[in-house]
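Number of protein chains: 2
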Amino acid sequence: MKVFNTIKEMRELLDTHRSNGKSIGLVPTMGYLHEGHISLLNKSVSENDITVLSIYVNPTQFGPTEDLDSYPRDIENDKRLAENAGVDIVFIPSDSIMYLENHFTYVNVNNLTANLCGSSRPTHFQGVTTIVTKLFNIIQPKKAYFGQKDAQQALVINRMVKDLNIPVEIITCPIIREKDGLAMSSRNKYLNQEERGQATILFQSLQMAKNIIIDGERSADIVKSSIQQSINSKSLAKIDYISIVSENTLEDIDKIEGNTLIALAVRFGNTRLIDNLRMEVN
Amino acid sequence: MKVFNTIKEMRELLDTHRSNGKSIGLVPTMGYLHEGHISLLNKSVSENDITVLSIYVNPTQFGPTEDLDSYPRDIENDKRLAENAGVDIVFIPSDSIMYLENHFTYVNVNNLTANLCGSSRPTHFQGVTTIVTKLFNIIQPKKAYFGQKDAQQALVINRMVKDLNIPVEIITCPIIREKDGLAMSSRNKYLNQEERGQATILFQSLQMAKNIIIDGERSADIVKSSIQQSINSKSLAKIDYISIVSENTLEDIDKIEGNTLIALAVRFGNTRLIDNLRMEVN
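As you go down the protein sequences, you meet chains Y and G in turn.
In terms of the working numbering, the first sequence opens at residue -16 and continues consecutively.
In terms of the working numbering, the second sequence opens at residue -16 and continues consecutively.
Just so you know, these hints were derived from the structure itself, not from any lab.
Careful: at least some of the hints might be erroneous.
Remember, identical chains collapse to one label, so a pair may be satisfied in a single copy or spanning two.
Straight line, CA to CA, 27 Å or less: simulated BS3-like cross-link-like pairs of lysine-lysine [claimed, not checked]:
| # | residue 1 | residue 2 |
| --- | --- | --- |
| 1 | LYS(-9) | LYS172 |
| 2 | LYS125 | LYS5 |
| 3 | LYS145 | LYS(-15) |
| 4 | LYS5 | LYS(-9) |
| 5 | LYS62 | LYS125 |
| 6 | LYS172 | LYS125 |
This structure is a prediction, so every number in the text was calculated from the model and none was measured.
Build out the structure end to end from the sequences listed, making use of the hints.
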């Protein structure tokens, strides 16, 4: 496994692989790898000749009051996990490599970024789409792997790739959960014991919503109220949003039908957790 | 020479060329080719195995009151000129191919697009950077060729390529002029005989400015005033802007020094002409 901190030599190696007809898969991450990330690495290793893992805590996707400085990092452990997963190349750039002085260019996906996480994190997706575009241009993978836990991110990146004709196939992989249902996230580390105990309410509320819909409920308002009530039963939970949207437009729907996304963001203390559920409703 | 109106088959052909080690050059245009475009094609043909000419009048770079509908088109003549220049592939997509329903994604180069043409054409550069990104992703050239006549466009695209790590080398080629100095432009066709006669004032004023600076003048205000006076000597000329800026930031400078761009936009009737001059001033 090769580790690169700069672009030029890595590009040369990747160019060689490409001209030898090797397919390249990319798993872009912010590091502090958990089983969710590992599932993406496993999938890439199984589908490509060469798998590149990028580890970069991208400052432009954090808001001014967010957790950029405290975001958990453990590069040595990440490298061990990557090696075990069969990763070929790890790319760990610094900020000065990724953002030159006078960096002026951003990629914006309008409409899809106004709602859900976009309303509480207004510059977040611009940061995500910009860094993903940069990583795609640097690594030029055939396929790139993202987790369904960041449902809106996956939809935004899919739309960006279509709109800009980016020659990368986007693979969205299922949410990986702890045994008690909590979606894996590097930010789970922030939770104290009591918060960790209560945090399973996100998954439980989504499961409850799923059952209500399976039983025939089609009113988004009624389902949202049930989720709200369920989450508010936990003393430490502060709801950021509960949204039921069309998966195509990410716009709120009144009547639940078609490809539907139920997405939540809930704060426990300073920690903001997200979770979601996709349903095809007839 | 092959002509494509859709993406898929062209991409397959280009993939074959690439895997055979052929280098690809791209000349993106809006068609109605003149000698300026031909100079770009000649340069690409001399520097690459395969030259692609794209012809697309991109609607997103026109403002609501601009000349999108009347922009001159002559595809048959363009194809003849391309064939004569040794072009291998012409890409002539339709709007529905280039902008899918629910196209939400745009590339924005901040700061460099606020000034000069950006102030009278506020959404122009967003359209340019977005379509150029799309063409780069579709064609994946090694080199792409742009004219220095669109000085701000060339600087914006260079900045975008750097900021987004786009693996394309940008070649900016000199302005090609009519015998009397008028910069070649597809829009020159709009000029009536009297306007055409007066339009040489852009070039003449820039030459005069150059001489004043060579003679020692360093005040941008004084040079701008001289240009203004010169242009206003023509009865049909209406100045849109006269700017003297640093070529690195496109910000106005007071004292002329370093890499300097003097750029003009002047209207004759409904026709807006641009021209510019680069100087390295010690």
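To see whether the hints hold, each was checked on the structure:
When the C-alpha separation of LYS(-9) and LYS172 is checked against a cutoff of 27 Å, the pair qualifies neither within a copy, at 35 Å, nor between copies, at 46 Å. Within a single copy, LYS125 and LYS5 get their C-alpha atoms as close as 10 Å, and across copies as close as 20 Å, so both meet the 27 Å cut-off. Taking the shortest alpha-carbon separations for LYS145 and LYS(-15), only the inter-copy value of 25 Å comes in at or below 27 Å, while the best intra-copy value is 31 Å. Both within a single protomer and between protomers do LYS5 and LYS(-9) lie at most 27 Å apart by alpha-carbon distance, with minima of 19 Å and 22 Å respectively.
Taking the closest pair of Cα atoms, LYS62 and LYS125 come within 27 Å of each other only inside a single copy of the chain (23 Å); across copies the shortest separation is 33 Å, beyond that limit. In this assembly of identical chains, LYS172 and LYS125 lie within 27 Å of each other by CA distance neither inside one copy nor across copies; the values are 33 Å within and 45 Å between.
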